Amino acid sequence: TQLLEQSPQFLSIQEGENLTVYCNSSSVFSSLQWYRQEPGEGPVLLVTVVTGGEVKKLKRLTFQFGDARKDSSLHITAAQTGDTGLYLCAGRYNQGGKLIFGQGTELSVKP
Amino acid sequence: DARVTQTPRHKVTEMGQEVTMRCQPILGHNTVFWYRQTMMQGLELLAYFRNRAPLDDSGMPKDRFSAEMPDATLATLKIQPSEPRDSAVYFCASGPDRVSGNTIYFGEGSWLTVV
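Chains as they are written, first to last, in my numbering: chain A, 1 to 111; chain B, 1001 to 1115.
Hint data in this document are derived by calculation from the structure and do not stem from the laboratory.
Just to be clear, a hint being listed does not mean it is correct.
Unchecked claim - For the chain B half of the interface with chain A, some residues (derived, Cβ under 10 Å), not all of them:
no.	residue
1	P1008
2	V1012
3	Y1035
4	Q1037
5	L1043
6	Y1048
7	N1051
8	M1069
9	A1093
10	F1106
Since the structure is predicted, the reported quantities are computational estimates derived from the model, not experimental observations.
All C-beta atoms in this analysis are idealised placements derived from N, C-alpha and C, irrespective of residue type, glycine included.
Isolated chain B (complex conformation):
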């Protein structure tokens, strides 16, 4: 049963620490997305990649966030330094690159708490 795998599932860290979240997209999917979900803002798109190339990261605070795809099986989202306002659930999603009606599949999320 193919699925998007995210680690860690839960992370509590102190303000100022570096946080790295990892995602293994579904094998064969060449689009990867990072979303952040909070009660106030809902699901916000942070960045997305196609064939490992970043296409749009306009939703991501550039000063502290960075997203990369070192290879086709790994996407990372890094926050350095972390702040309490970064507390949220971070979702990775992947999908095949079809023109219309793309289905994307979400992971179970990484629950981040910055204290």
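Okay, chain A solo, but in the shape it has when bound:
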């Protein structure tokens, strides 16, 4: 069974703090994506990474793809209340294959 494990499952922090969310698998991904989902809405794509060791930045969000392409992390610097939401990683094990989602990390940023 191909599984994507995210940690932590829940995270509650104060505004201004930094945080990191992890996404791990025992298998190699051909590509990995991070999504953010707000209540009552569908997930929205944040970033796609395809190369081992790749780092992408989106304002205060930094995404890293592991060298072996089995894991990824999302780091948020100086979190804001607007960052609150469910963060999902999703991976493909081969090009054109189906997208498998992790369980998600529920982030709550308090003022």
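With the hints as your guide, set chain B onto chain A.
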């Protein structure tokens, strides 16, 4: 502003009733996905289509669920008969058929409650 459109947004039905959820993918997208989201299981892929042909429906309970694409502008997911354990949010997503780094766009979901 192109978007995936799902109907109904909310549905409450009694156990045993038939439920049909509809999805209009973004015009020009030729891959369509059905996902189910619950607190316990997260987002699970039920089925996906490419050029209206079903490619994988291994995640879907075959005895009561069926997914079809009657035409390029409509995808349907049907549950018959529905059971309380089917209560979940059902998402449709569509995407263009590019080889790598495919972006898929989700609808707002159909919130199903079976009582």
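Evaluated hints:
1. P1008: This interface hint is violated because 14 Å lies over the 10 Å limit.
2. V1012: violated, 16 Å
3. Y1035: holds, 8 Å
4. Q1037: holds, 9 Å
5. L1043: Because about 4 Å separates L1043 of chain B from the closest Cβ in chain A, which is inside the 10 Å limit, the hint holds.
6. Y1048: Where the cut-off is 10 Å and the nearest Cβ of chain A is about 6 Å from Y1048 of chain B, the hint holds.
7. N1051: Violated - the Cβ of N1051 of chain B stays beyond 10 Å from chain A, reaching only about 13 Å at its closest.
8. M1069: With Cβ-Cβ at 16 Å, over 10 Å, it is violated.
9. A1093: Holds - the Cβ of A1093 of chain B comes within 10 Å of chain A, reaching about 7 Å at its closest.
10. F1106: holds, 3 Å
In summary, the numbered hints that this structure violates are 1, 2, 7, 8.
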